[in-house]
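J.: Model the full structure from these sequences, guided by the hints.
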Amino acid sequence: MFTLKFFKKKSDDDAQVSSVVSAKSYQKYEQSNGVTMITVYDSPFQTDGVTYNISESEREFIVCYVENASGKTIDTIHAADKPHAVIG
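According to my numbering, numbering within the sequence shown proceeds without interruption in unit steps and concludes at 102.
Certain hints may be false.
[Said to hold, decoys possible] Between beta-carbon pairs, the in silico distance windows are:
1. Asp26 - Thr61: 35 to 43 angstroms
2. Gln60 - Asp89: 15 to 23 angstroms
3. Ser36 - Glu74: 14 to 22 angstroms
4. Glu70 - Ser39: 20 to 28 angstroms
5. Ser25 - Ser57: 29 to 37 angstroms
6. Gly85 - Thr65: 23 to 31 angstroms
For the record, the hints were derived by calculation from the structure and aren't laboratory data.
For every residue, glycine included, the Cβ atom is placed at its ideal position computed from N, Cα and C.
T.: Structure below.
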């Protein structure tokens, strides 16, 4: 089981927007346009999942932290080929 924590850039009023989901498996796909797509699944055998985009766009999430069942961060996913800073 994985916990994925998605974060957006802080808004003009300094509010932090985030979303936290649990998944039994996930897939990461880095596109050449700088967008990284993360699809989460309820089962390792499932083919239909929910996809989240990571990019530098104001409307998208900019980073995702992936934790294992023990709560340890095992992956940090940023927009492909973009410089980044730690958030959270």
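J.: Could you check the structure against the hints above and give me the numbers of any it violates, in ascending order?
T.: none
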